[in-house]
Amino acid sequence: MSAVLQLKNVHKAFAGVPALAGIDASLANDTYVSLLGPSGSGKTTLLRVIAGFEQPDSGEILFSSRRIDGVPPHERGIGFVFQNFALFPHLSVAENIAFGLTNRAVDPVTDAKVVAGRVRDIIGLVGLSGLEDRATTQISGGQKQRVALARTLVTEPSMVLLDEPLGALDANLRMRMRGELRTIRERCGVTFLHVTGSETEALAMGDTVLVLDAGRIAQSTDADTLYSRPASADVARFLNCYNIFPGAVSGDAFASPVGALALGGVKQTSGNPAYAIRYDRVAIRPTDAATADDEVRIEASFVASEYSGAAINSFFTLDDGRVFEVETHLSHAAPATYEEKGRYALVWKREDALVFV
Amino acid sequence: MTMAATSHDTPVETAERPTRKQPDRTFWLLAPGALWMLLFLVAPILMMVYVSFWTQTTFKIEPTLTLKSWVTFFTSDTYLGALWTTVRIWLIVLVSTLLVGYPAALFVGLFVKNKTLSTALLVLCVIPFWTSFLIRVLAWRPMLGKEGAINMILMKIGVITQPIEVLLFSELSVIIGMTQIYCVFMVGPIAFMLGRIDPSVIEAAQDLGAGFWRIFRTIILPLSMPGVVVGAIFVSVMVLGEFATSAALSGRKVNLLGNIIVTQVGSLKWAFAAVAGVVLTILMGAVVAALLRVVDLRKEL
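In the order they appear, the protein sequences are chains P and A.
For the first sequence, counting from 1, position 223 maps to 226 in my numbering; every step adds exactly one.
For the second sequence, counting from 1, position 6 maps to 62 in my numbering; every step adds exactly one.
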């Protein structure tokens with residue numbers, strides 16, 4: 004697979020505060036890439052640098068093997084879908100979509116028939132038929148999203164950047180647009196770079212997921228690998244499905260604030276030592292239950308549980324005050340009820356834990 | 057006793073309250089303004105129309121209805137000339153305030169990203185208004201005069217050998233003065249509309265491949281049109297009613313309808329002044345109506 008976009012050591016600072024601190028990444032052609040990062044990690048800055056609204060302080064950006072840093076946005080051929088859609092308020096749906104075709108500086112389409120035909124095709128593709136003459140104030144959020152996407156896709160960019168495209172939609176619509184965005188992308192065959200702060204969205208959407216942390220790409224891999232093998236404790240923390248202990252490896256155990264945790268799982272080098280165990284890998288047992296040799300056991304007091312349909316999340320406080328979360332899938336067993344402030348044993352297999360050294 | 061009864065009744069009446077109380081409140085909120093306008097705007101205008109048909113003799117005016125003042129107005133070259141001068145100066149000043157004001161508004165409203173700074177710049181535009189109108193007008197005399205600053209500088213650097221006389225006491229000086237005084241009324245509304253344009257809309261147009269002039273023509277200009285229309289209404293109404301600037305800067309060479317009214321009132325020719333007043337009012341009404349047709353302000357604002 005050839006790379007459509009390559010970033011080499013891209014730096015960008017605002018008033019001395021670094022937003023991007025050496026981004027290296029390569030995005031493959033014809034894929035859905037999601038970019039996950041907590042707020043303030045530089046996601047939007049990265050998108051704006053790629054689109055050309057901001058200039059990088061140093062580094063190289065190659066788009067289809069051509070250097071584009073320094074090229075003005077309107078000559079880059081990269082589509083950008085704004086979080087707030089940024090539709091032209093004085094133009095109708097069809098006029099919004101036709102804008103790029105008729106007004107671009109490079110190779111504008113002057114034949115009104117050709118424009119009308121391409122606008123009609125793209126309106127069909129994104130499912131907006133019948134709304135061509137509506138004002139942008141007379142359509143719903145999901146429809147605005149589609150107009151914004153159609154307006155970009157009709158110019159046939161080789162790559163589309165989406166800045167939290169589902170952030171402005173309500174939960175129901177968000178789920179539906181996830182599927183639609185993927186379908187639309189497959190039909191167009193271009194690379195989408197989808198920026199999001201939601202780990203579930205990033206995992207669900209991306210063929211490749213990039214994790215941005217403090218202005219650097221912390222990990223770049225497929226969703227499955229990311230979820231089960233985060234590259235560092237910080238990445239594990241963004242995924243919001245790991246209990247993480249600080250500490251250090253000493254001998255054949257990990258010395259953590261809640262005691263020594265026996266090693267046995269995967270050890271990864273990340274520079275920042277930590278011990279991580281996924282919420283759904285932990286079993287809750289009475290304190291007097293037996294523990295097998297390959298298991299790790301700690302004790303904690305039950306606080307509360309949260310029911311989320313297919314699973315139930317139980318919260319415990321450990322002896323050092325830290326909160327520990329356990330996710331139990333209800334398909335495995337009927338939900339047990341736990342006594343508030345009661346002591347329970349939390350047990351997991353040694354090899355399920357991730358150890359960062 | 058009444059108070060107690062009212063507060064006691066309130067919960068019982070809530071259901072019918074909105075329908076019964078609403079017209080009441082509307083009436084009381086509108087009454088002061090409506091009364092004021094009726095007494096001091098509508099009544100005087102009607103009076104002016106009425107007086108324009110009175111019979112004017114050299115020393116007195118009688119309420120005997122006649123068309124004589126109207127006939128005199130529309131058959132006299134002087135008065136028709138004043139009407140034409142008024143329209144011409146209005147159009148020139150409107151265009152020049154737009155040409156000077158729009159770029160300034162574009163800078164303040166769109167290119168200055170910092171909201172505090174753009175507000176500060178708009179306030180700067182208003183600073184000349186801290187001085188009196190007359191001083192602002194008269195200050196142009198030492199600037200434009202035969203031995204004024206501009207002529208002196210141009211002669212010093214050798215661009216001209218004779219002072220340019222047309223600078224002061226001419227139509228040009230009236231236009232220069234009015235443009236300077238009324239420009240800010242054009243800048244304000246346009247800058248306000250430009251400031252409301254979402255920056256990401258312009259970035260979206262850039263991203264779709266449009267260059268600056270394309271974006272200006274297709275996005276920025278249409279979105280700022282309501283500001284242009286409001287500014288044009290401000291400038292038009294003020295310029296059409298002008299008399300002081302032309303009196304001070306034209307040396308009585310430029311006579312606007314406003315100057316005619318001042319002279320006629322000064323010589324107690326009330327009927328004649330009323331005719332000029334009615335003509336001016338109709339002209340302003342027509343101009344404002346025409347400008348409002350350009351943009352549907354209710355929809356855009």
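Hints listed in this document are in silico derivations from the structure and should not be mistaken for laboratory results.
Just so you know, not all the hints are guaranteed correct.
Cross-link-like lysine-lysine pairs, in silico, BS3-like; alpha carbons within 30 Å at most [said to hold, decoys possible]:
(1) A/Lys325 to A/Lys169
(2) P/Lys147 to A/Lys355
(3) A/Lys355 to A/Lys124
(4) P/Lys147 to P/Lys116
(5) A/Lys202 to A/Lys212
(6) A/Lys309 to A/Lys171
(7) P/Lys147 to P/Lys270
(8) P/Lys147 to A/Lys171
(9) A/Lys325 to P/Lys147
Going through the hints against the structure:
1. A/Lys325 to A/Lys169: Status violated; Cα separation ~56 Å.
2. P/Lys147 to A/Lys355: Given that 30 Å is the threshold and the Cα spacing comes to 20 Å, the pair holds.
3. A/Lys355 to A/Lys124: 45 Å, violated
4. P/Lys147 to P/Lys116: 25 Å, holds
5. A/Lys202 to A/Lys212: It holds: about 14 Å lies between the C-alpha atoms, which stays within 30 Å.
6. A/Lys309 to A/Lys171: Judged against 30 Å, a Cα distance of about 45 Å means the pair is violated.
7. P/Lys147 to P/Lys270: 47 Å, violated
8. P/Lys147 to A/Lys171: 28 Å, holds
9. A/Lys325 to P/Lys147: Not satisfied, since the Cα-Cα distance of roughly 64 Å exceeds 30 Å.
In the structure shown, a violation is registered for the earlier hints numbered 1, 3, 6, 7 and 9, in ascending order.
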